[in-house]
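Asks: Next come the chains, spelled out residue by residue.
2 protein chains.
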Amino acid sequence: MPADRRDLPRTASKPPLSGSLEPLQELVADDLKQVNAIILEKMQSPVALIPQLAGHIVAAGGKRLRPMLTLAAARLCGARAQREYALAACVEFIHTATLLHDDVVDDSHLRRGLETANAVWGNKASVLVGDFLFSRAFQLMVADGSLVVLKLLSDASVTIAEGEVHQLMTANDTATDEQAYLEVIEAKTAALFSAACEIGAVVAERPESDQLALRSFGLNFGNAFQLVDDILDYSAEQQALGKTIGDDFREGKITLPLVLAFARGSDEEKAFWRRCVEDLEQRDGDLEQAIALMQRHDALRDSKDRARRYAEQARRDLSVFPNNPAKHTLLQAIDFCVERLY
Amino acid sequence: MPADRRDLPRTASKPPLSGSLEPLQELVADDLKQVNAIILEKMQSPVALIPQLAGHIVAAGGKRLRPMLTLAAARLCGARAQREYALAACVEFIHTATLLHDDVVDDSHLRRGLETANAVWGNKASVLVGDFLFSRAFQLMVADGSLVVLKLLSDASVTIAEGEVHQLMTANDTATDEQAYLEVIEAKTAALFSAACEIGAVVAERPESDQLALRSFGLNFGNAFQLVDDILDYSAEQQALGKTIGDDFREGKITLPLVLAFARGSDEEKAFWRRCVEDLEQRDGDLEQAIALMQRHDALRDSKDRARRYAEQARRDLSVFPNNPAKHTLLQAIDFCVERLY
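As you go down the protein sequences, you meet chains P and U in turn. Take 1 as the starting number for the first sequence in the working numbering and just add one per residue. Take 1001 as the starting number for the second sequence in the working numbering and just add one per residue.
Keep in mind that the hints were calculated from the coordinates and are not lab data. Treat each hint with caution, since some may be false.
As the list claims (entries may be wrong) - Below, in silico cross-link-like pairs of lysine to aspartate or glutamate (DMTMM-like), each with a Cα-Cα straight-line distance of 20 Å or less:
#	chain 1	residue 1	chain 2	residue 2
1	P	Lys151	U	Asp1144
2	U	Lys1124	P	Asp107
3	P	Lys151	U	Asp1155
4	U	Lys1304	U	Asp1144
5	U	Lys1124	P	Glu26
6	P	Lys151	P	Asp106
7	U	Lys1124	P	Glu41
8	P	Lys253	P	Glu208
9	P	Lys304	P	Glu178
10	U	Lys1151	P	Asp144
11	P	Lys124	U	Asp1106
12	U	Lys1151	P	Glu41
13	U	Lys1151	P	Glu237
14	P	Lys124	U	Asp1286
15	U	Lys1243	U	Asp1286
16	P	Lys327	P	Glu339
17	P	Lys327	P	Glu26
Please work from the sequences and hints to get the whole structure.
Replies: Structure (structure tokens):
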């Protein structure tokens, strides 16, 4: 804190927590109840398996980060239109559809400590219920009636699909470089964060400059979030918390820590990486060896630095907005997403 | 032909063929070239696998029946807006996305005599490129800018997904009745035919009565089309043409011929059906036995009659439109779809 600000009086509100999602969660708690009610209502179908399967993943305790961003962005822009509830539900439906398809693509059996939908009901049902949720999202957007929102989320959906296919192409390929990795995460993750935030400015009918600021904020926030997610998959702290680590390694998914460790590794180390992630020939102790190599080459630290740079940019994106509670919670959320251990 | 019309002079155009897709194909040939150009352009992506995989299925020689219906319906309504080209491409993209996901769900390896995309590139890529095409369809609709069209195709997409999940629930279940079967085909197939046709009235800015007539026409046409598709899977004529038959039987997919033969079968026959389609314990000669039982109980004939009744209703739906070349080709297309052998 600069010396000349040290003695400024604190505001009457709570002292700011450094890096927490809680202020955001508290700010939008009531709004999020409305969103959850819409999600619950709109995942219904006369075809019984649809609400069963969708309910499983919707109830599985995700953070609801994307719809919270839409709600907070709308508040940041002074919206009081309530349109944001249904649109936040659309964002979550699109996210949930991609999770269902991701778990099929990754052949995952656990998500957030629970069995995945494909593990319970099979890949077929997961693919088709994902299609249902995706279609339902567009149906809800049409009912809202904004072509601007429809453009944002159809563009984001195309970009997400491109990012997922691009990721599939880089899987098990140690020749993947940092740029390809960054393209993948921006497309598969950050594009939806970006649209989720921009919708806030759209429903508030703010000028284009605010839309652009929120678009950039969401993109930088999303990139930071995904980078940290990928770092945590090799994190000893995460393991200490009882979370599974090493999923990406076992699948041969190429993330930045691996890209950096591979690029900086000796020929012998490169052979190790190729055996593990290209040939998927993995033995006991390989994950520990991978983490040790990442630490030796500062791959985790430098990945985190990259995440921090995105986070700093996300903070700067918010500078055009006046100080208000929504802005405060978003700044805290950025810190949380970078410094979180889970 | 009524006696009093026997001596009317023939028109200068070709004599009408009874039951042919050719008049429709000729009518819209130039328009369809525009549609194909849009399909080719819009399936491009910087992610190389997307146009590769999409090109494989798009080029695999489908009939393009759904986009042709949009084009012919637009002509029937006197549209000359050219908006129908992009919208017909949307319809085909949605159809293609469902084919890609269907082939994953059915674990199919052949479609129209060619290897399926999932057989060549794997299930993962097929799921994700399906998502891409689906998203691209909505992006194209947004560019067109009609909320009416967006509503038609987002509603249809929800219905298709519901129909696909419903079909998954009836698979391998001989308790499936005729009503459940008819609900499945109306949702998974006829809903998109219906929307494809209704779009023709929308782009021509015709009154709602014409929209409703085309909606009903498409629904009845689609139901007839799918019924005949399901009958052909047990057809000796189809087999004589060198086509594979028995795919539905081998998967335990429940279609009307099977529903009727099961309901009319003896206890011993019911045990046969249960072994084959519930337990999927199939032996040499079972398919022939299944066809023989269907013939013994008139299950194929009665299914065909049901298709004919839908086709008659589709003809009646067109009665509100003036006689013009488009109407003529649609009537021929109905006959083709019911009487076709392939």
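Asks: With reference to the structure, classify each hint as holding or not holding.
Replies: Here's how the hints hold up against the structure:
| no. | hint | verdict |
| --- | --- | --- |
| 1 | P/Lys151 / U/Asp1144 | 11 Å, holds |
| 2 | U/Lys1124 / P/Asp107 | 9 Å, holds |
| 3 | P/Lys151 / U/Asp1155 | 18 Å, holds |
| 4 | U/Lys1304 / U/Asp1144 | 39 Å, violated |
| 5 | U/Lys1124 / P/Glu26 | 39 Å, violated |
| 6 | P/Lys151 / P/Asp106 | 29 Å, violated |
| 7 | U/Lys1124 / P/Glu41 | 30 Å, violated |
| 8 | P/Lys253 / P/Glu208 | 38 Å, violated |
| 9 | P/Lys304 / P/Glu178 | 14 Å, holds |
| 10 | U/Lys1151 / P/Asp144 | 11 Å, holds |
| 11 | P/Lys124 / U/Asp1106 | 8 Å, holds |
| 12 | U/Lys1151 / P/Glu41 | 19 Å, holds |
| 13 | U/Lys1151 / P/Glu237 | 48 Å, violated |
| 14 | P/Lys124 / U/Asp1286 | 26 Å, violated |
| 15 | U/Lys1243 / U/Asp1286 | 18 Å, holds |
| 16 | P/Lys327 / P/Glu339 | 19 Å, holds |
| 17 | P/Lys327 / P/Glu26 | 13 Å, holds |
Hint compliance for this structure: hints 4, 5, 6, 7, 8, 13 and 14 are not met, and every other hint is.
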